[in-house]
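**Q** The residues making up each chain are set out below.
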Amino acid sequence: DGGITQSPKYLFRKEGQNVTLSCEQNLNHDAMYWYRQDPGQGLRLIYYSQIVNDFQKGDIAEGYSVSREKKESFPLTVTSAQKNPTAFYLCASSIDGTGGTDTQYFGPGTRLTVL
Amino acid sequence: DQQVKQNSPSLSVQEGRISILNCDYTNSMFDYFLWYKKYPAEGPTFLISISSIKDKNEDGRFTVFLNKSAKHLSLHIVPSQPGDSAVYFCAASEMDDKIIFGKGTRLHILP
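Protein sequences appear in the order of chains W and D.
For the first sequence, this note's numbering gives the first residue as 1, with consecutive numbering after it.
For the second sequence, this note's numbering gives the first residue as 1, with consecutive numbering after it.
If you're looking for bench data, these hints aren't it; they were derived computationally from the structure.
Ideal Cβ placement from N, Cα and C applies to all residues, glycine included.
Hints should not be assumed to be uniformly reliable.
In silico lysine to aspartate or glutamate, DMTMM-like type, Cα no more than 20 Å apart, as pairs [claimed, not checked]: (1) D:Lys98 to W:Asp30; (2) D:Lys98 to W:Asp59; (3) D:Lys5 to D:Asp31; (4) W:Lys70 to W:Asp96; (5) W:Lys9 to D:Glu42.
Computed footprint of chain W on chain D; a stretch qualifies when at least three of its residues, placed anywhere within it, have a C-beta under 8 Å from a C-beta of chain W [what the hints assert, rightly or not]: (6) 37–48; (7) 54–65.
Next comes chain W alone, as it looks inside the complex (with noise of 0.2 Å):
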């Protein structure tokens, strides 16, 4: 059964403490891809990548980093530098990342709440 998972599904952290958001796919898909849904706002991008051990900043990159060491995992941590932390984030994968033609898919998504 392929697809993107997503944990948890639900996080609360303190104010100041970084965050790991854990995404994981079996699709075998090169390209990952992390973005943020802030209410009334369209997706953004935060970080991508198009094969292991590479990555390159989205439009909001500020304050979050990513690793990819495997090609099934692509985990985003939520440092305390990022300023407004509480979100909706997304986790995505596609084929191989080469624009609009390659479809993305979607995981479930994690909502962070900094308190």
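Following the hints, put chain D in place on chain W, whose structure we already have.
**A** Relative to chain W, chain D alone:
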């Protein structure tokens, strides 16, 4: 500066009628357009797409129309069904570049 604009935050349509969701874009280099559908607390799912070499693409109840001169695309759903109630995101990309999403339109299908 928003490159993909969905100017209607929400839309209500009677069940069985046609739903028309609109999207405008500013970047004339966009050559591929997509619509995603999203239920609350879930990830978006791909719905339908269209290349800039076409002006219409149809898939069952869903049709996307592209007007390149007006930099406008629309998604038609007919007939509208209760399960169509969701947020619809318009997205666009240039060849080999990342996808830009609009802010979304929440569609309510009324009984």
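**Q** Could you tell me which of the hints above the structure violates, numbers in ascending order?
**A** 7
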